[in-house]
Amino acid sequence: MLQATAMQAQDMQQGWNKEAVNKPHPGLNWFSSAKFGLFIHWGLYSELGGKWKDSSYYGSGEWIMQRAKAPAGEYAKVAASFNPTGFNAAQWAARAKAAGIKYLVITAKHHEGFSMFDSRVTDFDIVDATPYHKDPMKELADACRKEGLQFGFYYSQFLDWHEPDGGGNNWDFKNRKKDYRQYYQSKSIPQLKELLNNYGPLGIIWFDMPGGLSEQETKQMIDSLKAIQPSCLFSSRVGHGLGDYIDFGDSELPPTPIEGAWESIYTHNDSWGYIRHDMNFKSPAEIIRLLSSVASKGGNLMLNVGPDGKGEWPAYSIKYLEETGKWLQQYGESIYGTTHGIIPAQPWGVTTSKPGKVFLHVWQLPDNGQLRVPGLTARINSVKLLGTATALPWKQSADETVITLPAEWPDKRNTVIQVEYSGQQPDWSQLRTQTVSKHYPQANIPAIWAIYNGNAHTKQYTFSHYFGDWKHENCATGMVTPNDAIIFPLEVQDEGDYKVILDYACEPASAGQQGIVTLLGQRLPFLTLATGIQDSHRPMAFIQHPVGIIHIQEPGKQNLTIKPVEGNRQALFQLKQIILEPVK
Numbered sequence: 111m112l113q114a115t116a117m118q119a120q121d122m123q124q125g126w127n128k129e130a131v132n133k134p135h136p137g138l139n140w141f142s143s144a145k146f147g148l149f150i151h152w153g154l155y156s157e158l159g160g161k162w163k164d165s166s167y168y169g170s171g172e173w174i175m176q177r178a179k180a181p182a183g184e185y186a187k188v189a190a191s192f193n194p195t196g197f198n199a200a201q202w203a204a205r206a207k208a209a210g211i212k213y214l215v216i217t218a219k220h221h222e223g224f225s226m227f228d229s230r231v232t233d234f235d236i237v238d239a240t241p242y243h244k245d246p247m248k249e250l251a252d253a254c255r256k257e258g259l260q261f262g263f264y265y266s267q268f269l270d271w272h273e274p275d276g277g278g279n280n281w282d283f284k285n286r287k288k289d290y291r292q293y294y295q296s297k298s299i300p301q302l303k304e305l306l307n308n309y310g311p312l313g314i315i316w317f318d319m320p321g322g323l324s325e326q327e328t329k330q331m332i333d334s335l336k337a338i339q340p341s342c343l344f345s346s347r348v349g350h351g352l353g354d355y356i357d358f359g360d361s362e363l364p365p366t367p368i369e370g371a372w373e374s375i376y377t378h379n380d381s382w383g384y385i386r387h388d389m390n391f392k393s394p395a396e397i398i399r400l401l402s403s404v405a406s407k408g409g410n411l412m413l414n415v416g417p418d419g420k421g422e423w424p425a426y427s428i429k430y431l432e433e434t435g436k437w438l439q440q441y442g443e444s445i446y447g448t449t450h451g452i453i454p455a456q457p458w459g460v461t462t463s464k465p466g467k468v469f470l471h472v473w474q475l476p477d478n479g480q481l482r483v484p485g486l487t488a489r490i491n492s493v494k495l496l497g498t499a500t501a502l503p504w505k506q507s508a509d510e511t512v513i514t515l516p517a518e519w520p521d522k523r524n525t526v527i528q529v530e531y532s533g534q535q536p537d538w539s540q541l542r543t544q545t546v547s548k549h550y551p552q553a554n555i556p557a558i559w560a561i562y563n564g565n566a567h568t569k570q571y572t573f574s575h576y577f578g579d580w581k582h583e584n585c586a587t588g589m590v591t592p593n594d595a596i597i598f599p600l601e602v603q604d605e606g607d608y609k610v611i612l613d614y615a616c617e618p619a620s621a622g623q624q625g626i627v628t629l630l631g632q633r634l635p636f637l638t639l640a641t642g643i644q645d646s647h648r649p650m651a652f653i654q655h656p657v658g659i660i661h662i663q664e665p666g667k668q669n670l671t672i673k674p675v676e677g678n679r680q681a682l683f684q685l686k687q688i689i690l691e692p693v694k
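The sequence shown begins at 111 in my numbering and counts up one residue at a time.
Worth double-checking, as some hints may not be accurate.
[Unchecked claim] Pairwise CB distance ranges, derived in the manner of DEER restraints:
| id | residue 1 | residue 2 | range |
| --- | --- | --- | --- |
| 1 | Ile368 | Lys494 | 28 to 36 Å |
| 2 | Pro134 | Lys505 | 39 to 47 Å |
| 3 | Pro465 | Ala204 | 30 to 38 Å |
| 4 | Ser166 | Leu541 | 43 to 51 Å |
| 5 | Ala204 | Ser532 | 35 to 43 Å |
| 6 | Asp164 | Lys436 | 39 to 47 Å |
| 7 | Gly447 | Ser532 | 16 to 24 Å |
| 8 | Ser393 | Asp477 | 21 to 29 Å |
| 9 | Gly447 | Ala204 | 19 to 27 Å |
FYI, nobody ran anything at the bench for these hints, they're computed from the structure. Keep in mind that this is a model prediction, so the values were computed, not measured. Ideal Cβ positions, reconstructed from N, Cα and C, are used throughout, including at glycine.
Please model the entire structure based on the sequences and the hints provided.
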């Protein structure tokens with residue numbers, strides 16, 4: 111089986127244009143309130159299901175033509191067997207609505223160059239090239255609007271492995287002979303105009319993989335398309351920072367709350383396009399917590415489903431999205447129309463906000479039944495389990511609110527507590543101080559929240575497991591001398607002993623160097639341990655390295671410091687997080 115090359119990985123990441131104009135736009139009102147979208151990748155690759163000839167592929171199934179270096183003419187023959195008789199537009203739309211989805215984006219054309227709509231620009235489309243002979247996009251657009259869902263199209267504007275002048279296919283067509291502007295003028299732009307003219311009002315055109323055009327040419331293209339539907343949003347991957355909102359990289363979530371309209375996109379399993387042997391689906395609990403986490407940082411989650419060649423969704427996608435929808439029926443007020451959480455993440459979970467309300471998303475219960483909410487100091491009017499009349503007892507001090515939890519907990523995946531208040535409540539979302547308590551199994555404190563000295567800094571590392579199954583970690587690095595220290599401000603709620611665990615990656619050249627953890631005069635020396643060579647298209651290996659136990663005599667604000675000793679020549683490691691585990 112072919113492996114992804116470093117250049118392929120680089121090309122995919124370069125397509126993640128994460129800059130946008132983010133100026134006032136009528137479409138941003140619905141978009142910013144929606145919070146939960148459905149991505150659908152569906153094309154000829156769905157018929158292949160991750161297998162080309164005798165080889166099975168893992169990862170991004172929609173890239174199978176490129177990975178197998180399948181000749182364009184031979185690959186095009188797959189259309190002759192593509193007959194999605196199981197497609198049911200009304201069922202898809204109803205299923206999405208029941209899952210709590212507010213908008214749906216589907217692939218009109220992916221990198222393979224095949225059009226999933228009736229296009230006059232080419233015969234390589236679902237109406238002309240397949241035995242299906244119908245346009246499923248017409249039906250789906252109408253069905254989504256009947257269900258009250260915003261509808262949009264994904265379109266790969268530059269990569270097109272079927273066309274001699276399209277980007278990406280260098281195994282059939284020589285790059286030096288390509289005329290990318292000719293491709294845009296003859297196929298890409300005319301097809302985008304077809305989508306905007308023929309399928310009713312669209313919420314989004316979700317561009318992907320920009321290239322081949324200058325900033326001025328991209329703006330000219332955008333202006334010509336906006337003239338057709340001024341209210342339609344364009345994703346940031348249109349390129350040159352000219353999109354209406356920000357889309358982060360595949361499976362990427364910003365580490366801290368950010369302003370403006372933005373979206374995180376995730377697969378339900380390990381692939382965007384259907385792979386019949388990929389059964390690694392996110393559970394309902396994982397989806398619910400991912401949705402809550404994205405909302406707590408102020409953005410939208412667009413979760414992908416990959417139907418098969420017959421037009422059927424994977425059974426686990428149907429089942430688990432249905433479960434997510436049931437959760438949203440109870441707790442949707444804490445997601446839809448919210449802004450980022452004004453109380454930062456705590457050992458028990460995350461928060462979201464509305465004017466006069468804070469929603470506490472409780473993922474993990476304290477073992478003493480007392481939920482402490484640091485920084486919640488506005489005058490509280492009521493505390494209750496969201497969606498019920500169940501009031502909860504609470505006490506408020508100058509710097510926190512403590513809520514007594516009921517003996518019976520409704521949903522261990524995520525039960526939401528609604529706090530209504532009057533007056534001013536400070537926004538602590540950017541506060542670096544992290545809570546530590548003995549009433550939880552451990553405190554996981556991301557390195558992004560440390561205070562950095564000297565040459566110490568944060569860096570995002572992007573790598574993949576399977577092909578295209580991207581992961582992102584923000585790590586502390588650059589710590590070579592004692593001046594390159596990082597400091598974690600802590601709010602320790604309980605006295606006691608705590609085991610300190612460093613979660614890091616370390617290249618062999620950096621292994622065996624000495625560092626020190628200090629807190630309240632206590633010193634924990636350690637030697638770094640090698641985890642492996644870093645490579646963007648292989649898993650990044652981390653180790654959870656216990657370095658010792660510290661004792662905290664009195665609760666309160668403490669600073670935990672990590673620094674190298676004198677004489678090191680390399681950075682200590684790439685620190686993902688510290689873990690403080692109460693000793694019991």
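Hint-by-hint comparison with the structure:
1. Ile368 / Lys494: 28 to 36 Å: holds (30 Å)
2. Pro134 / Lys505: 39 to 47 Å: holds (43 Å)
3. Pro465 / Ala204: 30 to 38 Å: Hint holds: Cβ distance 33 Å, inside 30 to 38 Å.
4. Ser166 / Leu541: 43 to 51 Å: Distance hint for Ser166, Leu541 holds at roughly 48 Å.
5. Ala204 / Ser532: 35 to 43 Å: Given range 35 to 43 Å: holds, Cβ gap about 41 Å.
6. Asp164 / Lys436: 39 to 47 Å: holds (43 Å)
7. Gly447 / Ser532: 16 to 24 Å: holds (20 Å)
8. Ser393 / Asp477: 21 to 29 Å: At roughly 24 Å between Cβ atoms, Asp477 and Ser393 fall inside 21 to 29 Å, so the hint holds.
9. Gly447 / Ala204: 19 to 27 Å: holds (23 Å)
Every hint, counting from the list given before, is met by this structure.
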